[in-house]
Amino acid sequence: MSDIVLETRDLVKHFPLTRGVVFKKQIGAVRAVDGINLQLRRGETLGVVGESGCGKSTLARMLVGLETPTSGDLFVQGKNMSKVGAAERRRGRRNIQLVMQDPYTSLNPRMTVGDIVGEPFEVHPDVLPKSKRRARVQELLELVGLNPDHINRYPHQFSGGQRQRIGIARALALNPEIILCDEPVSALDVSIQAQVINLLEKLQNELGLSYIFIARDLSVVRHIADRVAVMYLGKVVEIGTEDQIYENPTHPYTQALLSAVPVPDPKLRGLRDQIVLTGDVPSPANPPSGCRFRTRCWKAQDICAQQEPALAVREKSAHPSACHFAEVRDVVHAVE
Amino acid sequence: MSTDVNVKLDALPGLDPNAMPLQVKDLHVEFRTRNGIAHAVNGVSFDLRPGETRAILGESGCGKSVTAQAIMGILDSPPGFITGGEILYRGVDLLKLPEAQRRKVRANRIAMIFQDALSALNPVFTVGFQLGELFRKHRGMSRKDGKARAVELLDLVKIPAAKQRVNDYPHQFSGGMRQRVMIAMALALDPEVLIADEPTTALDVTVQAQIMSLLAELQRERNMSLVLITHDMGVVADVADRISVMYAGRVIEEAPVDDIYASPAHPYTKGLLESIPRLDLKGQELSAIKGLPPALTNIPKGCAFNPRCRYAQDVCRQDPAPPLYQVSPVRTAACHFWKEVKGDV
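If you're matching them up, the sequences are chains W and X in order.
The opening residue of the first sequence carries number 1 in the working numbering; numbering runs sequentially from there.
The opening residue of the second sequence carries number 337 in the working numbering; numbering runs sequentially from there.
Think of the hints as simulated: they come from the structure by calculation, not from any bench.
Be a bit skeptical, because a hint or two may be false.
Listed below are several chain X residues computed to face chain W (Cβ distance under 10 angstroms; list not exhaustive) [claimed, not checked]: (1) Asn-503; (2) Asp-540; (3) Pro-592; (4) Leu-622.
Calculated from the model, a selection of chain X residues having no Cβ within reach of chain W, i.e. all distances over 12 angstroms [said to hold, decoys possible]: (5) Lys-473; (6) Pro-496; (7) Tyr-505; (8) Ser-549; (9) Val-593; (10) Ser-611.
All of these numbers come straight from a predicted model, not from anything done at the bench.
Every residue gets a Cβ at the ideal spot worked out from N, C-alpha and C, and that includes glycine.
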């Protein structure tokens with residue numbers, strides 16, 4: 001079996017824009033995700049970063065099957081999910097589970113913790129016989145650091161951090177190989193955030209999980225990810241190992257993004273090479289021609305409007321970068 | 337232009353132009369709820385010098401936003417009640433002023449921007465109308481003049497094509513642009529003090545950088561004092577002069593920004609600094625603070641942080657709560673063991 005547990009090829013999701021009520025007619029499309037190629041290896045954490053509206057959540061929803069891709073293929077353990085039958089697709093889905101952003105709305109307030117964590121077994125009854133489920137749920141609660149005796153409590157009796165642990169326990173119920181975390185800690189306070197990040201790392205070591213970790217917080221992603229993909233307007237603009245992206249970013253957008261993150265050290269105030277971008281992200285319904293970042297880029301030339309730069313290794317970029325003028329710029333001064 | 341208003345404000349009893357623009361002394365706020373009394377703010381004191389940026393740092397539920405609401409006089413009451421303390425604007429206690437006078441101080445002298453600009457702006461009026469309203473109500477200008485000033489303000493906060501955008505509604509602006517409108521509104525009447533409650537929390541990092549640099553620039557130009565309420569230690573390190581760290585309704589540490597990051601003197605501050613992943617540091621296990629912040633209806637005896645603290649001794653579990661010890665001439669910390677925490681011993 002290959003080392004790649006999940007792969008996307010030219011994955012695209014366009015949401016149609018229509019006009020009219022009776023005679024609906026498509027007048028355009030929001031190009032939320034526009035051709036994404038990613039590979040996730042066994043046991044690694046792939047970070048996906050980008051600002052709101054870049055398509056990272058739509059990507060996540062396609063990976064777990066909540067959204068059907070407009071085109072492109074998704075391979076889970078070598079099987080093309082759009083080509084296999086319903087039963088097999090269902091079995092494949094088992095292997096990818098989702099941890100959601102908001103621990104307050106992603107748990108049903110009228111279900112007990114035991115029912116929430118045990119619900120995956122109702123959906124996939126062949127995984128575990130009914131008699132063993134309660135014990136398994138308690139085991140899962142213990143695994144994520146909750147008291148197994150609290151199995152009959154309701155979500156409102158838990159704090160935000162504990163609720164996120166319940167969400168993680170639910171995601172682990174079917175023994176998946178891949179966990180997709182969509183902003184798992186952004187709703188939590190800093191002191192609680194660290195507890196949840198440590199838990200995710202511990203689970204990865206113990207269970208050999210592969211993570212896709214989607215987040216806006218670049219510091220958190222640096223902490224947890226092995227490889228990082230940077231998204232802008234539905235496309236991956238740069239991808240590489242954590243060191244390559246953070247220490248040798250070559251795409252102007254990555255550089256701007258990194259330079260914008262405030263560093264919690266007042267001694268570095270004013271010393272950072274801060275790139276303040278002007279303007280807003282263009283609408284994904286009408287993205288700019290050529291390179292999508294060119295409208296906000298300080299390096300943009302005529303070629304950027306005419307020709308879309310491919311995500312490829314370049315003369316001055318050792319890792320794939322979608323910029324005609326990719327070049328290393330030291331933005332984050334690492335402290336040893 | 338604004339002279340007549342200033343004359344009225346100058347007539348405030350006890351106004352001392354040389355006093356600090358804002359001083360909060362031993363403020364207490366409680367919320368009387370069905371589940372008991374929540375002690376949201378328990379004796380918060382800080383002062384603000386002209387042109388200074390004071391950060392109030394803390395996690396959700398620590399009382400930082402309630403403090404801001406009490407200063408502005410926009411506390412939901414009931415259930416919220418200010419049960420003690422003083423809020424001084426240049427020596428005048430705002431809590432003792434009649435509402436009409438207080439309203440003049442607010443907006444003219446102290447203004448506030450909020451986290452969520454979309455819900456802070458009125459969705460059914462154009463941005464220009466809402467900005468102009470300030471000039472109509474507070475300066476007695478005509479609609480036309482008010483709108484002209486609104487355009488100037490949108491220009492000031494660098495909104496492109498201000499002349500056209502002044503006729504747009506809040507939902508037609510992006511998140512960052514909306515926050516600029518809020519800043520424009522707060523700055524309209526030239527306040528001396530600006531209170532910013534999590535101004536960039538809802539924004540993306542690149543937009544956050546734009547807004548923070550805009551705020552810094554406007555603050556410099558006008559020698560305005562800024563109270564920045566946030567939980568983001570990165571933003572604080574970038575802009576603050578002095579920091580008050582809050583926990584369970586108290587200021588537990590107060591210091592100039594460099595001191596606090598170099599050698600925190602309270603275990604909570606230390607824990608916070610150690611638990612943030614940093615962009616410029618390679619990942620190891622984060623040292624998380626164990627446990628949870630206390631419920632404000634049931635704050636632990638003694639030091640509120642003691643159940644989560646690795647330095648806690650018996651003395652920490654007994655009332656009274658530790659006082660603010662003088663750590664150095666310019667900083668204080670509410671921990672009996674600040675010397676150990678700071679690493680002096």
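Checklist entry - Looking back at the numbered hints, which does the structure fail to meet, lowest number first? => result 1, 6, 8, 9, 10
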